[in-house]
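Asks: Please construct the entire structure, taking both the sequences and the accompanying hints into account.
Taken in sequence, the protein lines are chains C and R. Start counting the first sequence at 1; every next residue gets the next number (this note's numbering). Start counting the second sequence at 1; every next residue gets the next number (this note's numbering).
What the hints contain is simulated information worked out from the structure, not anything from laboratory work. These figures come from a predicted structure and were not determined experimentally. Yeah, the Cβ is synthetic: ideal placement off N, Cα and C, and Gly gets one too. Be aware that one or more of the hints could be misleading.
Chain R side only, calculated, beta carbon under 8 Å to chain C, not exhaustive [said to hold, decoys possible]: (1) TYR130; (2) TYR148; (3) LEU196; (4) LEU197; (5) ARG200; (6) VAL266; (7) VAL270; (8) ILE273; (9) PRO301; (10) TYR305; (11) LEU307; (12) PRO317.
Chain C stretches covered by chain R per the calculated footprint, using a threshold of three residues with CB under 8 Å from any CB of chain R [claimed, not checked]: (13) 80-89; (14) 96-104.
Ranges of calculated distance between the beta carbons of each label pair, as one might list FRET restraints [claimed, not checked]: (15) R:SER297 / C:ARG84: 22 to 30 Å; (16) R:ASP150 / C:VAL274: 42 to 50 Å; (17) C:ASP126 / R:ASP150: 47 to 55 Å.
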Amino acid sequence: MEQLLQQVLSGLATGAVYASLALALVMIHQATESVNFAQGEMAMFSTYIAWMFVQAGVPFWIAFVLTVAISFLGGVLIERVLIRPVESAPVLSQVIVFIGLLVIFNSTAGWIFTYTVQEFPSPFGDTPLFGDMITSSELGVIGVTLVVLALLYVFFRFTPLGFAMRAAAQNPESARLVGIRVGWMLAIGWGLAAAVGAVAGIMVAPVLFLDPNMMSGVLLYAFAAALLGGISSPGGAVVGGLVVGVLENLVGTYLIPTELKLTVALAVIIIILVVKPSGLFGTALIKRV
Amino acid sequence: MVETSETASASLAGSRTAGLSAAGWRRLGVLAAIVAAVILPWLVSDYRTFQFTLAMIYAVALLGLNLLTGYNGQISLGHGAFFAIGGYTAAILIHRWGVPYYLTIPPAGLLSFVIGVLFGLPALRLEGLYLALVTLSMAVATPQFLKYFDSWSGGSQGIILTKPAAPAFFPVGTDRWLYYLSLAVLILAFWAGRNLLRSRTGRALIAIRDHPISATAMGVNTALYKTTAFGVSALLTGIAGALAALATAFVAPDSFSPFLSISFIVGSVVGGIATISGAVFGGIFIQFVPNIANDISDAAPWAIYGLFLLGFMYLMPKGIAGTLGEGLRRLASARAASAEAARDPAQ
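Replies: Dropping the structure here:
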């Protein structure tokens, strides 16, 4: 029983990371109707930026803030320069652009930082808490994720800019008519997604260690989490992330050999989706003919 | 309606007076491509011949993906799995039971078809991104599965085969024989694919992609056609997988990584997703562009590959075949228009 609780809690910690990245995916999906497959690699690149700061002797939390800010600007820049030209291209062409971005980030990171696996410091230490139930780093990850979520909630719910972004995503034409600059709202959305991704990367790096391929598995889980929660629902993405994290941990501990862990975790998610095709919290799309 | 018939008669007149119609140009292009493909292995080295063999094999696989994703609108990011099924079927049949290599291609296709149909059933409930996730998961699971069932698959070591020798009646050497074998399969697959798409079935597939509800209302059995599309698509990709196993004389889990599936969708879209000829351009792209990228930069070849992808999508968002087709149509109608003007100067 104690082991079960321990596994659930540590699953929640990884789940919190999946939730953050899933949230980044949902944010871009709401505005563009497509999934940014490069989100994970962008987060990986951000994490390397944080690592460079830490290596240069910058205190952890200052490096954290700097990285998030740089990632935000990077995200805005990518939207303006690289995504804009394919804004009205077919969805599959956009997917190919995302795949292009993915390999560019991955390869460039390998080129600049080499493929050697690096250790990444955890700001929360690794002391066991509450009678060995959870480690301080796991608790820290969950805490930071919750703070990010709360900030995003407040931003989209109570600030004029947040309103404008939601309007631009929901109804671009009408938003433009009331004077919202839809293109820039999209760019800010990309920036925010990149910033949230950076937080996810920095949080997961002490566990997974830092290397250019660290995010491929995380992205898949985040994608699964976003869809499990219902891609149209940010809250659902968070719940989805936590569910996927716990599920992954329990399946790996109790059911099957680790070689098939990923396969079985995905199979479970697929079964849920086949039963409930628009996700746990998504609204089924009703089409008018 | 009036406009269309006018353009049609104009292009007819054009074909009589000022060269060929768009369809005529296309037919000429296909003929030239076949002739060039037959001559090619005598002009280049054995290694290049092998590379072109692989490009053609990829083209067959991409044709399968185009059928499913381009014409039927069901996205698959996991076609590497069917490629693996074909490849391993061929390899296991040869390695375990000593089946002659040419007899392994039909069962490889058949097994892929069956698994494709079975996979198409749950896929009926999923659309768009959800289907993308499920198929991507299939791509991720493939190497894990192959490694896990190692008594059949040879584990991570894979199965090593010998390259089939050319038959006595056609003594051209191993590489050229594999090339012509793949070319024959390619031509057969494309001929069958074209006929399929021009038939009642093809129209049903496209109708389901463009408007599923109207298609159902007109009596198209959506579920039947969608699962069939999955099956036929898997069949073509499975045949390509078997050919690839013969050509490389080797199968291993790591040759069927998720990256292979991603390459397939890249090749499909860059070549032209809802076209038949696009599969050939796509096959050439995924076979040769990584090498070119490697020649340009040793340090970060995939960054160069990524730039190629961005460049192609900016310049040709509809893919190579889509852009070429548009160009041909424009050329033909421009010629027709000038012929019209020449015949009737008063206009």
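Asks: 42 to 50 Å was suggested as the range; check whether the CB atoms of R:ASP150 and C:VAL274 agree with it.
Replies: violated, 29 Å
Asks: Classify the hint on R:TYR148 as holds or violated, based on whether any CB of chain C lies nearer than 8 Å to its CB.
Replies: holds, 5 Å
Asks: Does the nearest C-beta of chain C fall within a distance shorter than 8 Å of the C-beta of R:PRO301?
Replies: holds, 7 Å
Asks: Would you settle whether the hint for R:VAL266 is holds or violated, based on the nearest Cβ-Cβ distance to chain C being less than 8 Å?
Replies: holds, 6 Å
Asks: Close enough to count: is the Cβ of R:ARG200 nearer than 8 Å to one in chain C?
Replies: violated, 23 Å
Asks: 22 to 30 Å was suggested as the range; check whether the CB atoms of R:SER297 and C:ARG84 agree with it.
Replies: Once the Cβ atoms are compared, 26 Å apart, the range 22 to 30 Å for C:ARG84 and R:SER297 holds.
Asks: Counting residues of the stretch 80-89 of chain C that have a beta-carbon nearer than 8 Å to any beta-carbon of chain R, does the count reach 3?
Replies: holds (count 4)
Asks: Identify whether the interface hint at R:LEU307 stands, where standing means a beta carbon of chain C within less than 8 Å of its own.
Replies: Since the shortest Cβ distance to chain C is 7 Å, the answer is holds.
Asks: The hint names R:VAL270 as touching chain C; please verify it with the least Cβ-Cβ distance against 8 Å.
Replies: With a closest approach of 7 Å, the R:VAL270 hint holds.
Asks: Given R:LEU196 as an interface hint, is the shortest Cβ-Cβ distance to chain C below 8 Å?
Replies: violated, 21 Å
Asks: Grab the minimum C-beta distance from R:ILE273 to chain C and call the hint holds if it beats 8 Å, violated otherwise.
Replies: The hint holds - R:ILE273 has a Cβ within 8 Å of chain C, the shortest such distance being about 6 Å.
Asks: Verify the CB-CB distance for C:ASP126 and R:ASP150 against the hinted window 47 to 55 Å.
Replies: violated, 36 Å
In this structure, the hints that do not hold are numbers 3, 4, 5, 16, 17, in rising order.
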